[in-house]
Amino acid sequence: MDLLTCKLTVMRNSRTRSAAASSSQKEENLEMMSPEGSSSSPSAPNTPATAGGFSTDRKKATHLRCERQRREAINSGYNELKDLIPQTTTSLGCKTTNAAILFRACDFMSQLKTDISDADKQLNQLNAQAAALEVIASEYEQMASSVPDSSQSTIQVKMLQLLLDDCFATFSTQVDFQSYATITRSLLTWVESLAPNAEPFKGTAGKMVTMPFTSP
Numbered sequence: 001m002d003l004l005t006c007k008l009t010v011m012r013n014s015r016t017r018s019a020a021a022s023s024s025q026k027e028e029n030l031e032m033m034s035p036e037g038s039s040s041s042p043s044a045p046n047t048p049a050t051a052g053g054f055s056t057d058r059k060k061a062t063h064l065r066c067e068r069q070r071r072e073a074i075n076s077g078y079n080e081l082k083d084l085i086p087q088t089t090t091s092l093g094c095k096t097t098n099a100a101i102l103f104r105a106c107d108f109m110s111q112l113k114t115d116i117s118d119a120d121k122q123l124n125q126l127n128a129q130a131a132a133l134e135v136i137a138s139e140y141e142q143m144a145s146s147v148p149d150s151s152q153s154t155i156q157v158k159m160l161q162l163l164l165d166d167c168f169a170t171f172s173t174q175v176d177f178q179s180y181a182t183i184t185r186s187l188l189t190w191v192e193s194l195a196p197n198a199e200p201f202k203g204t205a206g207k208m209v210t211m212p213f214t215s216p
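Counting along the sequence shown from 1, when you hit position 121 you're at 121 in UniProt numbering, and nothing is skipped either side.
If you are wondering where the hints come from, they were derived from the structure by calculation, not from laboratory data.
Everything numeric in this text was worked out from a predicted model, so none of it was measured.
Backbone N, C-alpha and C define an ideal beta-carbon position, used for all residues, glycine too.
A hint or two may mislead.
Said to hold, decoys possible - Below are the EDC-like pairs computed for lysine to aspartate or glutamate, each with C-alpha atoms no more than 20 Å apart in a straight line:
| no. | residue 1 | residue 2 |
| --- | --- | --- |
| 1 | Lys60 | Glu72 |
| 2 | Lys95 | Asp83 |
| 3 | Lys95 | Glu80 |
| 4 | Lys82 | Glu72 |
| 5 | Lys82 | Asp107 |
| 6 | Lys95 | Asp107 |
| 7 | Lys158 | Glu139 |
| 8 | Lys158 | Glu141 |
| 9 | Lys121 | Asp176 |
As the list claims (entries may be wrong) - Cβ-Cβ distance ranges computed for the label pairs, FRET-style:
| no. | residue 1 | residue 2 | range |
| --- | --- | --- | --- |
| 10 | Gln69 | Thr114 | 36 to 46 Å |
| 11 | Leu162 | Leu126 | 27 to 37 Å |
| 12 | Asp107 | Leu164 | 44 to 54 Å |
| 13 | Ser179 | Leu84 | 27 to 37 Å |
Take the sequences, apply the hints, and build the full model.
Right under this line is the structure:
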């Protein structure tokens with residue numbers, strides 16, 4: 001009887017230990033399967049917020065690069081403009097700023113416009129003077145070709161030459177060649193000065209009268 005009781009007790013204790021071991025194993029398995037019990041977690045994938053931050057950084061870098069290139073182009077243009085503008089006495093020894101370069105460029109352009117206007121006026125005067133001289137030279141050539149070769153004709157040519165030389169001397173001093181309008185107005189005044197009662201013409205006429213007797 002005592003032996004049977006001991007066997008039943010041993011079997012009961014063995015079952016109790018097996019149940020406890022099984023329960024403990026289940027708890028360990030549950031702990032390993034739970035998120036808290038895991039020793040390592042998988043890496044989180046890239047979220048939209050991370051991708052958006054990367055795109056913003058690229059945009060900032062691109063903007064900074066474009067801004068730097070724009071500033072370099074502006075500075076290069078100012079340097080080229082500074083080299084084209086001549087130095088002035090007021091700008092020597094002063095710090096050259098972009099505003100100073102622009103002011104000097106405006107002054108230089110104004111000076112160039114004035115020089116061009118003066119050159120155009122001078123060119124018009126020279127053209128008018130050249131046209132008048134061409135007319136006079138043409139008249140001289142026609143008169144020289146129509147004069148016969150004789151002693152009498154030689155005296156006439158000398159008299160005419162004296163008259164024309166004196167006329168041209170007053171013509172060059174009294175006729176204004178600034179424009180065609182001034183040429184016409186001053187030319188009429190010069191023609192009136194050649195009247196017989198005018199003092200310059202009287203002196204020339206006296207020389208012409210005595211020329212036949214004084215010429216060799």
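Verification of the supplied hints:
no., hint, result
1, Lys60 to Glu72, "18 Å, holds"
2, Lys95 to Asp83, "15 Å, holds"
3, Lys95 to Glu80, "17 Å, holds"
4, Lys82 to Glu72, "15 Å, holds"
5, Lys82 to Asp107, "13 Å, holds"
6, Lys95 to Asp107, "18 Å, holds"
7, Lys158 to Glu139, "16 Å, holds"
8, Lys158 to Glu141, "15 Å, holds"
9, Lys121 to Asp176, "13 Å, holds"
10, Gln69 to Thr114: 36 to 46 Å, "38 Å, holds"
11, Leu162 to Leu126: 27 to 37 Å, "29 Å, holds"
12, Asp107 to Leu164: 44 to 54 Å, "50 Å, holds"
13, Ser179 to Leu84: 27 to 37 Å, "34 Å, holds"
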